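**Student:** Input sequences plus hints: build the corresponding full structure.
Chains as they are written, first to last, in the working numbering: chain R, 1 to 553; chain F, 1 to 216.
Because the hints were derived from the structure by calculation, they are not lab data. Small disclaimer: the values here were computed from a predicted structure and weren't measured. Hints are supplied without guarantee of correctness; some may be wrong.
Per label pair, the in silico range of CB-to-CB distance [said to hold, decoys possible]:
(1) F/M182 / R/P173: 33 to 39 Å
(2) R/K276 / F/T94: 53 to 59 Å
(3) F/T94 / R/P173: 42 to 48 Å
(4) R/K53 / F/E77: 29 to 35 Å
(5) F/G211 / R/R186: 18 to 24 Å
(6) R/P479 / F/A81: 41 to 47 Å
(7) F/H209 / R/K119: 39 to 45 Å
(8) F/G156 / R/D80: 26 to 32 Å
(9) F/A121 / R/W151: 52 to 58 Å
(10) R/K53 / F/G211: 27 to 33 Å
(11) R/I86 / F/A121: 33 to 39 Å
(12) F/H209 / R/K190: 53 to 59 Å
Just so it is clear, CB atoms sit at the ideal spot from N, CA and C, and this is done for glycine as well.
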Amino acid sequence: MANKKTYPLDHAVDFVIVGSGSAGGILAKELSTAGFDVVVLEQGPYRRASDFKHDELSVVFRDELQGGGVANSGQTFRDDEAKVAIKPRRQPARYAQNVGGASVHFTANFWRFREIDFKERSALGAISGTNFADWPITYDELEPYYTKVDWEIGVSGAPGPNDAPRSKPFPMPPMPVKSSGVLMERGAKKLGLTTQPEPLAILSKPHNGRPACISCGYCMFFGCEVNAKSSTLAAMIPLAEASGHCEIRPDSAVFKIETDKRGRAREVLYLDKDGKERAQKTRAVVLAANGAETPRLLLMSASAQHPDGLANSSGFVGRNLMFNAHSAAQGVFPEPLNDYKGVQVTRIIHDFYESDEKRGFYGGGGLDARPLWSATPILHALEGMPPDVPSWGAAFKDEMAHNFTRQMCIVGSTTSLAMDRNNITLDPSSVDKWGRPAIRVTYRDHPDDLKMAGFLQDQAMNIFDAAGATKTWRYPLQPTNGGEHLLGTCRMGDDPASSVIDRDHRSHDVPNLFICDGSSFVTSGRGQPTMTIMALAFRAADRIKAAAAANNI
Amino acid sequence: MNEAPAQLLLQSCASFLRINIKKVVIMVGTTQHSRRQFLRSVSVVAGVELLQIAAPAIAVAATAARKSGSAFQVLDEDDAADFAAIAARIIPTTDTPGATEAGVIHFIDQAFAGAMQGSRAFAVAEIAEANQKLDGRFADLDAMAQDELLHGIEDGEFFGLLRVMTIFGFFAMSKYGGNKDMVAWKLIGFDGHHGPWQYPFGYYDAEVHGGDYNGE
Ligand SMILES: Cc1cc2nc3c(=O)[nH]c(=O)nc-3n(C[C@H](O)[C@H](O)[C@H](O)COP(=O)(O)OP(=O)(O)OC[C@H]3O[C@@H](n4cnc5c(N)ncnc54)[C@H](O)[C@@H]3O)c2cc1C
Chain R
1 MANKKTYPLD HAVDFVIVGS GSAGGILAKE LSTAGFDVVV LEQGPYRRAS DFKHDELSVV
61 FRDELQGGGV ANSGQTFRDD EAKVAIKPRR QPARYAQNVG GASVHFTANF WRFREIDFKE
121 RSALGAISGT NFADWPITYD ELEPYYTKVD WEIGVSGAPG PNDAPRSKPF PMPPMPVKSS
181 GVLMERGAKK LGLTTQPEPL AILSKPHNGR PACISCGYCM FFGCEVNAKS STLAAMIPLA
241 EASGHCEIRP DSAVFKIETD KRGRAREVLY LDKDGKERAQ KTRAVVLAAN GAETPRLLLM
301 SASAQHPDGL ANSSGFVGRN LMFNAHSAAQ GVFPEPLNDY KGVQVTRIIH DFYESDEKRG
361 FYGGGGLDAR PLWSATPILH ALEGMPPDVP SWGAAFKDEM AHNFTRQMCI VGSTTSLAMD
421 RNNITLDPSS VDKWGRPAIR VTYRDHPDDL KMAGFLQDQA MNIFDAAGAT KTWRYPLQPT
481 NGGEHLLGTC RMGDDPASSV IDRDHRSHDV PNLFICDGSS FVTSGRGQPT MTIMALAFRA
541 ADRIKAAAAA NNI
Chain F
1 MNEAPAQLLL QSCASFLRIN IKKVVIMVGT TQHSRRQFLR SVSVVAGVEL LQIAAPAIAV
61 AATAARKSGS AFQVLDEDDA ADFAAIAARI IPTTDTPGAT EAGVIHFIDQ AFAGAMQGSR
121 AFAVAEIAEA NQKLDGRFAD LDAMAQDELL HGIEDGEFFG LLRVMTIFGF FAMSKYGGNK
181 DMVAWKLIGF DGHHGPWQYP FGYYDAEVHG GDYNGE
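**Tutor:** Shown next, in the form of structure tokens:
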């Protein structure tokens, strides 16, 4: 880290990348190591592994990594476009604000899509009231990039019986099974279901100079203090900086992409650490700010030339927000699992991955075994308690103490259908701490997605019974009021009238503006999107490099 | 101050208890859960549906001068005694340590001085109002009377705040003032020193990996 590259503001670099998260970190590494001059503007701070602490109160409840929550973001939520959105207590669109983005504090469950995910609309037909569509690319086109993620980012796992084909084996074995995984497997076997090891963006063996997981148990919501979690902070940013062609500029909150008379992006305006306005000149822009922030920035970049926002001639910027619906069922067993140790998930069931018309509704998903709330004490006490126990007093205390080590959860993760009514817009009155119009989330799950989540919850209850749980419970499913999978809001497509970017991630409207992050998704997949976000980023980098080589940017 | 017997209490703290007298009777001594807890949605999974207490953007360091001789940064001794008593009913001392032994009140004091200072005036006003109706102080009631009173307000914002703060104070890292000697973590079998951990972790994976797990 001796002589870090810096670039002057008024000298046009080859690329400004907005956002350094799952996608942005990869694009930064790929473009800079190919010799392009890259400035990455990241609104959050530059945290190092040594900054990550096992402090549940601060990290989980005071949103330390998420920019301090609604008090700072001003985000608002409503479930219907006819309503006025209000500021909820908990942030509706959740992600870590720091170098590495949400890959820093994610749980690292890491599923590839299957072939069907890219062409499900053709297989199943239209679904009325939705924008259900095929992707313009196929699994086969993305497969080499999934493999690149496996090896360059670092993924542990073992193939499951119905996984999509892979061109190379996993670079390292799965994490050893935990008690939650053993118990789910036990129940599943009795029911004729198949469990498989969970692929994780967490190292089970030292890889690329990074150490193996130490099983501290602080994955979900937390940053990894040993760099065993394969965030872009751990796996990509150091390579980008070592290239000598990349400046990571933290504490830089972008508020506008400025275009010239020809409608080309030419500079990126941001507020620096001291709140001072800055403008970085550039030849091209790569927007990788995530499925909530990318549409906000495009809408904020409206101008006389682009009155409805930049790259928004289709009106699809911000539309089709997809969170992935979820469900949870809890079980308590006679002996201690101590599932708070180690990674969250070690076993999954993908038997319900495909949509099945016999169920009577669209959707598919996966089940996983994990401690969920019972990985940390406060969450366990506030969220992990059964409904038949008082919420305070001696019985509350006893139950909490008895269950903590004996409790586990089976989580169902499912599809979300793309719909106009679910979207990101600019809130008309709320602003964030930088003074930018706040993100307004409008969202109501499609009934089929809730049904699928409920179907998975039913399966989870059956598995618990078969596995010998002494106590099980679930809470009724309700439409969500937020999410951490931020997908679909600048979808990829061949038709400029119904998509924002083309199959190479170039925006249909602005030739030197590329967009690659969760917003690029056409469908949601079954619940763990980030492997696909990262594969898309590697692929996008190749397409961008090819365009540059052909002098076509 | 007077040790009010339960009956007296029910008469004297008229308004807010009267509405709830029926409920108090139903709840005491049963394991009924509050309706609110049951209705709370756990539909969000990765998403934590939490009773999150709005904290000011930047935790301002406690500026209030410590009262000379006071163990607390911002709470006066009487309010502290009442909040400590409420915390002690939420996580009572039984044959194992509770909120008292964990020093939850020091968490509450520290939080009201810092990250949750925005809620302090509200909490102090609420306990003052309750005490006015009691004609005494909550801390001086016996445990049964305290429980009866708390059952009457358990669905309200004040109790919700104290409940969350008690849980925070009990389980958060000791540097926040509570969880003294990690008593809370020991209670639930959460080993406070945070790994690294070796397999097997528990009884069931020990069947696969062999070896002994170290109990709770
Ligand atoms: C608690 C949690 C657990 C999760 N667990 C999983 C999991 O197990 N499996 C899975 O697949 N996914 C998981 N996710 C989701 C996963 O983290 C995201 O899908 C993924 O990181 C999104 O990648 P991205 O590149 O689209 O954006 P991000 O990773 O969110 O990166 C965007 C970056 O851009 C920055 N930025 C945004 N706007 C601006 C601006 N205007 N100026 C400058 N910088 C800006 C942000 O600060 C951020 O750093 C989880 C998420 C959370 C919050």
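**Student:** Hint by hint, say whether it matches the structure.
**Tutor:** Taking the hints in turn, this is what the structure says about them:
no., hint, in the structure
1, F/M182 / R/P173: 33 to 39 Å, "holds, 34 Å"
2, R/K276 / F/T94: 53 to 59 Å, "holds, 58 Å"
3, F/T94 / R/P173: 42 to 48 Å, "holds, 45 Å"
4, R/K53 / F/E77: 29 to 35 Å, "holds, 33 Å"
5, F/G211 / R/R186: 18 to 24 Å, "holds, 19 Å"
6, R/P479 / F/A81: 41 to 47 Å, "holds, 44 Å"
7, F/H209 / R/K119: 39 to 45 Å, "holds, 41 Å"
8, F/G156 / R/D80: 26 to 32 Å, "holds, 29 Å"
9, F/A121 / R/W151: 52 to 58 Å, "holds, 57 Å"
10, R/K53 / F/G211: 27 to 33 Å, "holds, 30 Å"
11, R/I86 / F/A121: 33 to 39 Å, "violated, 23 Å"
12, F/H209 / R/K190: 53 to 59 Å, "violated, 22 Å"
Violation of the numbered hints given earlier is confined to hints 11 and 12; the remaining hints are satisfied by the structure.
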